[in-house]
Structures are given as structure tokens and as C-alpha cells.
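> Fit chains A, W and R to the supplied structure of chain U, relying on the hints for placement.
Number of protein chains: 4
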Amino acid sequence: MRISAAVSGASGYAGGEVLRLLASHPDVTIGAITAHSNAGTRLGELQPHLHSLADRVLVETTVENLAGHDVVFLALPHGKSAAVAAQLPADTLVIDAGADHRLQDAAEWEKFYGSPHAGTWPYGLPELPGARARLQGAKRIAVPGCYPTSSLLALLPGFSAGALLPDDVVIVAASGTSGAGKAAKINLIGSEVMGSMSPYGVGGGHRHTPEIQQGLSEASGLDVKVSFTPTLAPMSRGILTTATAKVAPGFAAQFGGGQDLAAALRRIWVDSYADEPFIKVLPEGRWPSTKSVQASNYAALQIAYDPNVNRVVACCAIDNLTKGTAGGAVQSMNIALGLAETSGLSFQGVAP
Amino acid sequence: MRISAAVSGASGYAGGEVLRLLASHPDVTIGAITAHSNAGTRLGELQPHLHSLADRVLVETTVENLAGHDVVFLALPHGKSAAVAAQLPADTLVIDAGADHRLQDAAEWEKFYGSPHAGTWPYGLPELPGARARLQGAKRIAVPGCYPTSSLLALLPGFSAGALLPDDVVIVAASGTSGAGKAAKINLIGSEVMGSMSPYGVGGGHRHTPEIQQGLSEASGLDVKVSFTPTLAPMSRGILTTATAKVAPGFAAQFGGGQDLAAALRRIWVDSYADEPFIKVLPEGRWPSTKSVQASNYAALQIAYDPNVNRVVACCAIDNLTKGTAGGAVQSMNIALGLAETSGLSFQGVAP
Amino acid sequence: MRISAAVSGASGYAGGEVLRLLASHPDVTIGAITAHSNAGTRLGELQPHLHSLADRVLVETTVENLAGHDVVFLALPHGKSAAVAAQLPADTLVIDAGADHRLQDAAEWEKFYGSPHAGTWPYGLPELPGARARLQGAKRIAVPGCYPTSSLLALLPGFSAGALLPDDVVIVAASGTSGAGKAAKINLIGSEVMGSMSPYGVGGGHRHTPEIQQGLSEASGLDVKVSFTPTLAPMSRGILTTATAKVAPGFAAQFGGGQDLAAALRRIWVDSYADEPFIKVLPEGRWPSTKSVQASNYAALQIAYDPNVNRVVACCAIDNLTKGTAGGAVQSMNIALGLAETSGLSFQGVAP
Amino acid sequence: MRISAAVSGASGYAGGEVLRLLASHPDVTIGAITAHSNAGTRLGELQPHLHSLADRVLVETTVENLAGHDVVFLALPHGKSAAVAAQLPADTLVIDAGADHRLQDAAEWEKFYGSPHAGTWPYGLPELPGARARLQGAKRIAVPGCYPTSSLLALLPGFSAGALLPDDVVIVAASGTSGAGKAAKINLIGSEVMGSMSPYGVGGGHRHTPEIQQGLSEASGLDVKVSFTPTLAPMSRGILTTATAKVAPGFAAQFGGGQDLAAALRRIWVDSYADEPFIKVLPEGRWPSTKSVQASNYAALQIAYDPNVNRVVACCAIDNLTKGTAGGAVQSMNIALGLAETSGLSFQGVAP
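As they're listed, the protein sequences go chains U, A, W and R.
If you want our numbering, it's the 1-based position in the first sequence plus 5.
If you want our numbering, it's the 1-based position in the second sequence plus 5.
If you want our numbering, it's the 1-based position in the third sequence plus 5.
If you want our numbering, it's the 1-based position in the fourth sequence plus 5.
Okay, chain U solo, but in the shape it has when bound (with noise of 0.2 Å):
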């Protein structure tokens, strides 16, 4: 079986990056390529590196153009993607890397979105708990934020297992420059970002912060409340997550603390993750870094316990382009459709 996609936004970041994935694939033709204002321009003026789709021309995006494919990807800015979905078949898959079908709660959407909810599809990261039988035959899916999906594989294998207090949990982030998408803005021009580090969206008001808690929240049962603060990375691409939580006291006590304790909580990350293929636990004593996935659909984890403040430190590296979106994406697109789960994304990183 061969599966016709289409691709939409792609002259935008995600929209290369899901190209560029799918141009690979070996179960995908690429169908219709479209954009907005980009329409009519050949993908080689937009997306240079995409070399053997370089004559393609873009099309409008419009209904006509994304249906009669198995698969439509939209990669459209948010508030866009309710409007075409609706509009396609009810048997096309359609796939939102966008995130207006990520929150549950109506409520926090429009908090922090400040525009009506367009309602909730199943969320395509494969590695939560559950979400692998709701992603399979699923026609719907909501790709999870690029940031969110960091720090959901940082500390999921803790807040299942029961061993992390929810109340307490903070993370740092630092994104290269393409999570902030290809767009013509002073604070985003290479002489400002090189050699420079900065924060954004801080004290809670970072969109990803709802999602982050929701996940949490689904794996551990429990309300989650997270303190979330993004920077920016002199770095195109990569997401280094820095997560931690108070150990819960109920767990902390059935090891007594100390290297009992800290082995156990290691073991709880290394076995949750043992079956996953795009999960890497590294060996006790090696960080992650962003290098080691870039371009990749690898996640690469480490965690360490502080016994100073009792807190598990979960460090999580991914590209934000690739298993932040549109490797997640391809990932769930294979779920759902019944492919092997690693079809078209077991390369390798490139380093250096």
C-alpha cells in the first residue's frame, strides 16, 4: 500500500520539515505541496535544501487542493486548522501540527489562546500511556507542541509510576531559533540571536504551559502545576529540556533514600522507556545534547536525583523540528494508519 499525502503551509518551517521526512518515506507519495501567499512559487525558492522537490510548484491552500489524499497535513498558524478539517472527509487522516486541537479544557484554550475552542483530537505523542490504541485508526490527530513534547518524555515515566509530587514541578527549556518559525522579526535576525540567550513568555504565560500540565496530569492522575520558562538558543534547531520534581514521600520511603533511592527512580525511566524506538535513556553519567538528535525523531534522556533537595532532575534533548513536529507527526501518521512505527524515521542524528 502506497499513501498519497498532502502537504500543507510548506513553505513555513514544520511544512519543510514534514517534506523533507516524507520525501523519504517509503510508503508516502507526496501529493499536493501548498501554501498561502507563497501559492504558485516553485518549493526549490522556498525550501532550497529540499532538493529533489525543487520544481514542485505550490498550490493554493484550499480544500480541493489537500483533498482526495490519504493524508493531509496541516502546518497552518493557529485558529486556521478547524476551518479546512472540517471540511475534509471524514475518512482522510488529518493531521494538526498546529495546536488548535491539543487542549482538552476549553477553558484553558481560550485563556491562552483568546479565541473560541475548536475541540480536542487524539493528542500523536505515542509515548504516553494509552495513546498508542487511540492513535491506532484514528483519522484525527492534534501533533503535541514542540515544548511539550520535551518535557512530557523528561518526566512521564516519574508522574506514571507514582513517584513525583505534582505541586512542585519546574522546567527550563532553551529552543533554537526555528521554534519561533520563519518569520521576518528584529528579535529573531541572526546578528541579534548569535552569541545571545534569552527568556520569553515568563511567569506561566507560555502557551505550552497549559498542554505540559495536561499531559502530566493524564499520566499521574493527579493536578499537575508546572513553572515553565522557555529561551531562546543561539541554534536553528534542538530543544534541551531541563525538568524536575519533588520526590513524592510515599515513594521516597519504600528505598530509604540515598543510592537506593536514586537507582530506583533511574530504573523507573530506563524500564519505562526500555520498548520505545525513539526513546534513548543514556547510560548513568552521560548527558544529553541537542546534536546528538538533531534532524532526527530521537528523544535523548538522563535524569539525576539530588538528595540536597530531594528532587529528580530529568534532562530531555530533542530536535524541535523533527520529533517536536514533524517526525511526531509521521510517527502517529504511521499508527494510525497501520505501518510500522519507525517506517521513514530510523535515521540517524547528524553530528557534528
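Accuracy of the hints is not assured; some may be wrong.
Pairs count within a copy or across copies, as identical chains cannot be separated in the list.
For lysine-lysine, the following DSS-like pairs were computed, each having C-alpha atoms within a straight-line distance of at most 27 Å [claimed, not checked]: (1) Lys85 <-> Lys190; (2) Lys187 <-> Lys251; (3) Lys251 <-> Lys85; (4) Lys187 <-> Lys116; (5) Lys230 <-> Lys251; (6) Lys144 <-> Lys190; (7) Lys230 <-> Lys187; (8) Lys116 <-> Lys190; (9) Lys116 <-> Lys85.
Hints listed in this document are in silico derivations from the structure and should not be mistaken for laboratory results.
The following block gives chains A, W and R in isolation, referenced to the frame of chain U:
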């Protein structure tokens, strides 16, 4: 009065930055420039950016070469300063850019550095409450570490004011690679660090942890515990510190939460640093970048209150080599010798 | 005597660098700071690294605001300087950091800039033979372009000495992104430029080409033709120029080729720049890096003779914003006003 | 048919890139992975981006370990390949990523490398006229150097067509730091290279000079002399080569100069590479960037004719580790073994 200064460790980054600042200092004449394995070499070979000193030849780091100056800067590997300082006259101002004399608790020193404690010198962070009085006329000064400088500047106002809880501080900081020194190591070569973020010393093991705890404990009178995670960022200079702590219930109760509490917290930082020449709390809504303080002695700061988790998030940007090392050292020298505190330090940041 | 200076175009990179230098200049008081669309804004919002000027508010770029100062720096889009300058008093020193008044040949101006020629002002490259005499007491000065500064510094000694052929000059230069200005363009955003090198203006079309030819022709008395290719490098600041020209047979004949010729050529550069305060011909075997001159007014140079092709290869590193723009402007101001030429400019480079 | 491949030098950048490509090659099974001082180490410790091979343990680089494979890749320090190859069976395909067997002229080898010449192997640049015939069935292949690959691709069409003069070629190239290898040297650490451009091997001394001359001479039948200047750019990967040569009067005379000549020249490049799977001459007016070919086997090219100096300027971007080393090696392997030339190499570039 013209001060004569000797600089040891002149082939490294800290020594080079001390020389860069002293070369423009209106009150200082640079005397001996010393090194260990590089003795006999022209400075221009090792620090080609120090054009006006290019033809100075490095001499051996010996007591003979260092003695006879009004001030001696030590930028030596840790463990080496005490022996040199002990042989310098008691009335020579000795400023140690290394770690040897920062910690007050010998047990903490031994735990983190694995060697006997060399003693404690006045701590060269003028912004620490009470520090200026201790530095005036001092003859031995311990320059703070770069992470402690930014971490303490980030949180001191809140702890001094009794607004923060001591047992739940989380600090994640990103440093430029110069913080790791001028060392020929594979993990520091450009091919590895460009385009990559990675953590290190995770789980409480970084040597700056006890120093941060010491400063915050001193300011608050409480036993402050800190979860500290440093990360390496793809830039040469700069530290961005994201520091967060719970608001003390007693403090919060005075303001009834919400906007009033947020404003009261921000006022603490603004008022606390109002007269500090080098600490800039930015206008509300503006966040610091490391580039805005690059190559300068300024620290740029902002705070937010996150009611969702009842935490203050303080972000502080410094240049690790300037305010974080050499600038802090010169500022302390100025105070110790009765010069204007800002003498030789009032240049702007370098951007873009 | 204290000089009052107005700076226009203060929200851009050139204007910001002029302000950075003037803020530390011992003989200058900064008067009006002007801008166009950003008039009314605090400087701290636009140039957060200029800490000591952060609360200054930009005023409109009008003749009224600029008049009444001893010196006016124009950092305006090209084509805008002439009209402003025409209305400023004849005895006000006007220093144009833009291109409008650099070229002597009106036809060349019109060919490359597509607009009427505004006239020619004394050219502010003090190291050009005869330039200082023309700059002393001048009231109008055209600051050289950044690429011409580095290209002329690289080759002037050889052309002045008659050692090089005029018809076979090839120059390839790499510039940091600040050379493209503070402009919100997709091709300049960090995600695009980090990790990438690309050429532009290839084939003789870059506007700095006639300016380089003009300077080399003036120095040599010959009609020098240059193949000039600029490239964009993934760094904020700095230009590295690689300039190569054939050795004139008449010159070579004096030395019989080989080592004697190589030594004779190198001596020309060394002698030519021996008394220049800001031009550093490095010791033999050392090559310049842009970082060694970062944020300084120095140029670092080295040359080699390649007998295989009978060419001199000269490499010159400058900071495009300092020596290549604002530093060159201040140096020329110092000369024009009879100040010490190095006043306010003798700081070191910033490295690492 | 499934090919078994051994890779030596697996801890370095060239060896790592060969492994990255082979791991996704549909026709290859990776056999022995060898190293020298790192024998006994898990590959994951040294090349953490090669996730699917992380648990493979490196073995000693010995003939015993390398023998018994269909193809052996040598990524050894120069001077080491010949001895190893001599002991491998004559019917084993040995592909040397090092320099040892590239040059035909033993005197040139000895002049530039200072050691006895090991002999000449078929040169693995398929795009060189006649190369594919020599590579088919070859059992020994010398992979071109990274600078020669980009320089030859830039200029071969013009020289093959007799359109360029042999005695006035000037090439300036900028390389990412991975070209200098995974070596712990102070001048390669991130603090030194980030934000900096610098030349090296200036004046004809770089070892790739004779290799470039050899290729251009072979294509043109003339004795081509090249002025070659390499520079180090602040990026991990990529080479941007700017190559310029005078147009031959005889060729120019056919087209009367001006636009016709420019068009005729461009047509040579376009036609010459029309059927090449990996060489992309961009649409007129578009210039290549290294990022557009990052981590891919593609070369992106553009040329311009500058009538002012009668020169062609050709710019070529490649990834030094992929098309410039490992990709070129795999492409040659494919040809030698009768596989599809693009097998395992048809992935896109990685951008942004």
C-alpha cells in the same frame, strides 16, 4: 594615585579579561604579566585581541614577579592560590579569581573540591548586603564564581526581603563556553558545541552549588537549599540564569495575591537595585539577553510572579568573563582601594 | 574643549555603534539622538546594550534637532544624507556613515546606486596616503564602506609601492550579518544564517566594488580593476577579507623571485603601517581572525607571496561596525577636529 | 545482493559520517567498526548521534578485523592507509577517505606531505569527465579532499569546455570546523571559533592545492595554476567555495562579450551538470548556501560572468563531511560495485 597591578594566569580567559579591563582603567598601570607554561611568550601570541599589550612578554608566575605591586590578580587553577597569596605581603591587595577562598564552610569545600580548605576571604560581590563595608580596605578578596554572581543577583532582593521560601529554589543557567576555560578538550571544540545545548554537573554536583546556597542563606538568615543545573550554550560569552523560588506565605498574605502581590514583588527588586551602578532591572515586560551585557560589567534583570505555581521567576543576564569574573574583580579592587567603584568599568555592552 | 555630537539613525546598527563609542569618548558629549520611525522611543528599548544612555529618548531626525552641535553623525539610508547635510551649517562637521558622498565618479554612482550623485566629500580612511591632510579641518567627511575599508587596508601598501598589477585583483570577503543592517528579512533570521555561508552580489554587482577600485587606483595612479565577491558568514560582527593581486614584473625583477621577493613584499606592508596606531601587521606566520579585532578599531593583517601563481595574498580582519563604520568615523572626527587621533578608540578587542 | 562494509577510524568525523550514511543504505550491512585508541569503547560514547549503532563496540583497526568484508572504508590519519590496504585482499574494495592515494605526481606529494608517495588510486569524483568508467569495478578508490571536491565541481565545466584560462585561477573557500577533524586543539575550541573567521595555509601551502590543480589540469589538458586560500568559518559543517578564472579570449571571441557571453558561459555549467544526480546549478539569480546542502550529498552551484574583469565567478556549496567526504565515498562505492549510483544517498539537505 596610580595603582600598579600584576596579573597571573594571563594566558587564560579570566586573566585575559582582567588585562582587557585594566588596559583601559584610568587609575591602573599594568606591571608583571605572568603565566606558567607560557612564560617567555609574547602576549600577542596568546591573546591577540589585546593589541596595546601585544609585545609584552609573559614571565613566570612566581612570588618574586608578583610582589611589589599594589594589587595582584590571581587567575590560577583552583588549589593554587593559597600558596602564592601566603607569600605575598599582607598589605598587597590580592584578588583571587579562583574558587579557593569563596566558601566559609570547610566541610562543603572538601566535599565539592576534594582538597583541604584554604580559608575564607571577603567575598567580592559588592551587591551582597553588607559587602561593600567588608571590601573597603580589604587586602584579600575572593571573586565570586560566574554562576553564583548571576544567581545571587537574580534572587538576593527577594531573600533579603524575606519574601521567598528557602527550601524550594530551582536554578537553571546557560553559560557560554568560555566558562569552561581555554582548554583543549574534545567536548569543547567548535564542531561539538556549535548548534548544541547540553547540561552538565546535574543533580547537585556542580561546585557553584554550595556558593549559591551560602550567599542566599547569608542574605536571608535561613538555610537555603538550591537545585542548580548548569547548561552549556553555543556562544562564547554570557550567562543567562533562570532562578525561581516559592513566595513565602507570610509575605504573600500582606498583599492578597494576584496583581498586588506581583507588583509588590517587583518593587522589591526595583528598589533593591535602584542605586546599584551595574544592576539594571529592566522596564516591565522587557526580558534580558546576554548580548545586551556582552563584554560589560552590567547585569540585566527581570522578574515575574506566576500565580499558578506561586513562584517568582527571576532572569539575570551577565557576561561570565566580565561581571562574572574580571569586572567583578576590578569593581571589588576599586572599592578596596578607595577608587570610584565604577572606575574603568563604565563602558557599554557590545551588541549586536 | 568638549565636543557636542548629534547622532542620527540611532536605532540601527551603525548609529548604535557610534553611540557606543561616543559614550566612552573623553572629549565628547552626546547631544541629540535621532531616528525616524522610532522617534519618541527610549533608547533602552532599541539598543539595550547602551546602558548609560538607556533613558534617553529618541527625537525626530530633523535639521532643527541636529543643528547646534559641533559634529553630526549621519547613519541614514543611502540617498538621504545630502538633503540633511545641505541644511546644516557649513561650519558644522558632518560625518556621513552612508554611501552618498564616497564616490568621485558620478557615472559610477549612478550605475551602482541608480540615483543622481550627491557629490564627493573627503574620504574618511586616514590610512589612505594623503588622507590625513585632507581630513584636518574638514567639515564634511564620507566614512568608507566596511568592505572597502578592509580591502583597501589589505592592498594599499602594495599598490602605493608599485609592486602590484592593476588588472588582476581578486577579493573575496566574509562579513558578519550586522553588515546587512538591522532589517527584518527572512534571509537574515538566525535560523537561516546560523550554520550557513552564502555569497551575494556576485559578478561585480556589489556597490562597494567601485569604491574599492577608486581607492586602489588613487593609491597606485593606475586604473585598478577588481573582482569582488562578498559572502555572508554566521557571525554578528567582523569582516575577513582575502585580497590577492599579481606582483608587477618590474618589481619582482628587483628581487629575483623566491625568498628575497617574499621578504621584500612583506617589508612593504610592515613599513607602510609601522606608524599607524590601529593597523597591526602580525608577526610572520600568524594570521588574523575577526575575533581578535572584535568591537575594536584595530585592523589585523598578514600577507604571503605565492610563487606558484606570482600573487600576493593579503588577509585583513576588521570589525565591520567599528573600524569598518563607527570607529573609522570617530577616528576621522578626531583628525578633523584636531583631537588626538586615537582619542576614545584605544580599547582592546573583545575575545573570546 | 547485500554488501558488507567495514569502517575504520570510526571515532572521527569522517568515519562517523560514513557510518551515518551506511546505516541508512538499503544495500549495505555494517560489519566491523574499528578505531585505534578508542578500541573497546561503545560507539554511543563517541558518536552519540548514531543511535541505531550505539551499542556496537569498536574493535582495533587491524587487517584481521577489516578483512572479510566486501568493502573497507579507511578514515585514517594520512600516511596510514597504504600499509593497511596492502594487506587487504586485492578483490576487496578499499575506499580511502584520506589523502594518501589522491595525487598522481609523486614529487608534489612529497613536497606537500613530506613523506614517500604511496601511489595513485582511481579518483572518486564521479563528476570528473571519464571518472565513472574508471570507478566501475575498481578495487581501490581515493576519495577526493573536501576543498578539491567543491573547487573542481565549481570550475570543471568551464575548463572542460576550454572556456577558461589556466594561469589565473583564484579560489577562496570557507569551511566549517569539522574539516579540521575531531581534534582537541585550542584554536578549534568553540570559544575561539564562534563569531570568528580566519584564514590558514595562505600563500599556496595548503595540501589541497596540488589536488585542485591536478583535477583542473586533467579536465582542460592545460597546466592549471591555482591560488587557493582556505578560511575557517564559525559553523560545524559546510564548504562555500568562491572560484574565479579569466575567460579565454578565444572562447569570448565567439560570443562578442556582454550578455551573449554571459549566457553562453552559464549554459556550459547548466548543460554539463544536467544529468548529474547530485549537482544542482541553481536558477539564475539564486546563490547557494551551505545550509541548503547540509548533511546531504548534493552540491549547489551558481556562476556569474563579470565583464569588468573578464572573469567567471563560480560559487559551490557542499557539506564537507557528506559530498566532501563520506557521501562521495559511498557514491563511488555504489559505482564500483554496480549499485545504483544514488543508492542510500537520495535524502534531502537539513535546514534550517
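> Determine for every hint whether it applies to the structure shown.
Against the structure, the hints:
no.	hint	result
1	Lys85 <-> Lys190	both (22 Å within a copy, 25 Å between copies)
2	Lys187 <-> Lys251	neither (37 Å within a copy, 37 Å between copies)
3	Lys251 <-> Lys85	neither (39 Å within a copy, 38 Å between copies)
4	Lys187 <-> Lys116	within (26 Å within a copy, 34 Å between copies)
5	Lys230 <-> Lys251	both (12 Å within a copy, 13 Å between copies)
6	Lys144 <-> Lys190	neither (36 Å within a copy, 38 Å between copies)
7	Lys230 <-> Lys187	neither (31 Å within a copy, 40 Å between copies)
8	Lys116 <-> Lys190	within (25 Å within a copy, 32 Å between copies)
9	Lys116 <-> Lys85	within (18 Å within a copy, 47 Å between copies)
The structure fails hints 2, 3, 6, 7 (numbered hints given earlier, in ascending order).
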